[in-house]
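J.: Listed below are the residues making up each chain.
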Amino acid sequence: MKALLVCEQREGKILDTSYELVAFADRLGAEKVMVLVGKEAPKVDGKVYLADVDKFGEYNPDLHKQVVLEAIQKENPDYVVFVHSSYGWDLAPRVAAALKVGQVSEVVNIVDGKFELALCNAKLRRTVSPKGARAVLTVQAGAFNAVEASGSAQVEAIEVAGSSQLQFVGYEPAEKKDVDLGRAEIIVSAGRGVGKKENVAIIAELAKAFGGELGASRPVVDAGWVAHSHQVGTTGQTVSPKLYVACGISGAIQHLAGMKKSDFIVAINKDKDAPISEAADVMVVADVLQLAPVLMEKLRAA
Amino acid sequence: MLVISCIKQVPDTTQVKIDPVTNTLVREGIPFIVNPYDTHALEEGLALKDRYGLLAIAISMGPPNTEATLKKACALGVDQAILLSDRAFGGADTLATSQVLASAIDRLGKEEEVGIVFCGKQTIDGDTAQVGPGIATRLGFTQLTLVDRIEWLDVPNKRIRVRRKLEGRHEIVEAPLPVVITAVRELNRPRYPTVPMRLSAQETPVALWDNQVLQLDVETVGLKGSATWVSKIFSPERDQGEIIGDGVNDPEGTAHLLLDKMLAKDLLAL
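Residue numbers (our numbering), protein chains in the order written: chain A, 726 to 1027; chain B, 26 to 295.
Hints are computed from structural coordinates only; laboratory data are not their basis.
Each hint should be verified, as a subset may be incorrect.
Pulled from the structure, derived: some chain A residues nowhere near chain B, Cβ distances all over 12 Å [stated by the list, open to error]:
(1) 748
(2) 772
(3) 779
(4) 876
Listed below are several chain B residues computed to face chain A (Cβ distance under 7 Å; list not exhaustive) [claimed, not checked]:
(5) 193
(6) 195
(7) 196
Using C-beta positions, here's what the derived DEER-type ranges look like [said to hold, decoys possible]:
(8) B:54 x A:908: 36 to 46 Å
(9) B:93 x A:764: 51 to 61 Å
(10) A:921 x B:214: 20 to 30 Å
(11) B:192 x A:952: 18 to 28 Å
(12) A:727 x B:77: 41 to 51 Å
(13) B:137 x A:823: 21 to 31 Å
(14) B:197 x A:965: 23 to 33 Å
Note that beta-carbon positions come from the ideal geometry of N, C-alpha and C, so glycine has one too.
Okay, chain A solo, but in the shape it has when bound (with noise of 0.2 Å):
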């Protein structure tokens, strides 16, 4: 079995996530060879096909593609593995059609050969296996541990033809965020059921006794609860502090996927089935509304 691993690249660096797809190949049993649009290959043992990013861009999907199903006709992979980003969201289904294959999308474990996928917000689980000799697949972003960068690869130089109708025109900085969670050691973060906008701020306050910052689940920033800039998860921001506790917050898959990778994960919640168990070290079982008070009190005093 062998695995085609579509890796990534920004500005000329390698991102984490590629060394994640050769885990996950690991865990699947494949042999692997890697395709990158970049500068230099990612430094993992086997062949690894690279094209020129000053010529097929940091992003044409057009080309890339291109690069991509010429890899494919190289190699004759079983599976096409992409990172479940904004590039592989956009460009496996592309490769998909053009191999007339199916695609399994944001594959968050591997089961006796088949893709485990999370649905209804993390409540609940699918197995899927693709139905032909080939497929794409995507995979998602922190599922599976990186393996370390330390490899030396057997670099190939891809050259394609191609043109595209696609104009890139430039990039433009994400709007500035007025909190920057991504360098917070603590955040304290209010969901739903913190129950109403006003409470937001005994979570708020929480978050200051504790030393931290506020941070927050979707569905509180679209009430219009907390500002946007706030929100931890893949609509959001993604972050690791070393401590993250989450108030009345359920867990649908897109927040876990923010703040998984928190050194320690405290969950309060009055249903303790609720999704947020599964990434939290440890559980209260309680409304956070009573249990703020009584937190601030005794962080105060010590």
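Fit chain B to the known structure of chain A by using the hints.
T.: Just chain B, lined up with the frame of chain A:
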């Protein structure tokens, strides 16, 4: 020129519960909603109708009760709503779904030129994010995913410039029409129907296109046309965090235990 929004009726996943005995999804009493991302696809179609005078159409594939979802689209102001429903379409994965939607769009395009097709970036009940790209490929339309702003649309010259939302930055790209755009939440703020519009929507007919109309090869749609096989759906076994204290009856003691634990792990800068 047509602007077509593809919408899907989904169970409200925030209310989905698992039967603890059978470990399956409890479907009874779970309300159906329009897939949240699709509400942005619908809104942008209506916004382009308002700004450029395009004809806004909503299409949805699903069981007959999907008509309710399309009625909602009518109440918001679409010019035409079409339900794609047939037993042969049932059990479809994203590949087979995009086949049906693409065929309907192609049919609409024979009457009037299609400029833009909007889809949500993903659905909340399947999360595969492939239907939009699948439609684009089948129809040979340019695919623009994860769009959070339409910079401009030039109808006479048939060009569009959009902003795509990537990790930590945005990308601005231009493309010739026709395009398939997948919408992220930041694209717009969906409108609410007014009472008169809701009432008049009750009168608006929703067209039904079954396979008599679309004439698709039954091997390419529904379960048969699917390229993936779902073997089981289950509730994940949890490697749950340790439950500390009794937070409900003893917040005081529990808070103490929790802080002790944090101190022991050297997590607090006290």
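J.: A separate judgement is required for each hint: does it hold in the structure or not?
T.: Comparing the hints with the structure gives:
Its beta-carbon lying about 19 Å from the closest one in chain B, residue 748 of chain A satisfies the requirement of being farther than 12 Å from that chain. Its beta-carbon lying about 27 Å from the closest one in chain B, residue 772 of chain A satisfies the requirement of being farther than 12 Å from that chain. Every C-beta of chain B lies more than 12 Å from that of residue 779 of chain A, the closest at about 18 Å, which supports listing it as non-interface. Under the 12 Å C-beta cut-off, the non-interface status given to residue 876 of chain A relative to chain B holds; the minimum distance is some 25 Å.
Hint status for residue 193 of chain B relative to chain A: holds, with the closest Cβ pair at about 5 Å, below 7 Å. For the restraint placing residue 195 of chain B at the interface with chain A, the shortest Cβ-Cβ distance is roughly 4 Å, inside the 7 Å limit, so the hint holds. Taken as an interface hint, residue 196 of chain B checks out: its beta carbon lies about 6 Å from the nearest beta carbon of chain A, inside 7 Å. Remark: the range hint 36 to 46 Å for residue 54 of chain B to residue 908 of chain A is upheld by a beta-carbon distance near 44 Å.
A hinted range of 51 to 61 Å for the beta carbons of residue 93 of chain B and residue 764 of chain A is consistent with their spacing of about 53 Å. Separated by about 21 Å at the C-beta atoms, residue 921 of chain A and residue 214 of chain B satisfy the suggested range of 20 to 30 Å. Under the hint 18 to 28 Å, the C-beta atoms of residue 192 of chain B and residue 952 of chain A, about 20 Å apart, fit the expected range. Checked against the hint of 41 to 51 Å, the pair residue 727 of chain A and residue 77 of chain B passes, with Cβ atoms roughly 49 Å apart.
Restraint check, residue 137 of chain B to residue 823 of chain A: a C-beta distance of roughly 29 Å satisfies the suggested window 21 to 31 Å. Between residue 197 of chain B and residue 965 of chain A the C-beta distance comes to about 30 Å, which sits within the given range of 23 to 33 Å.
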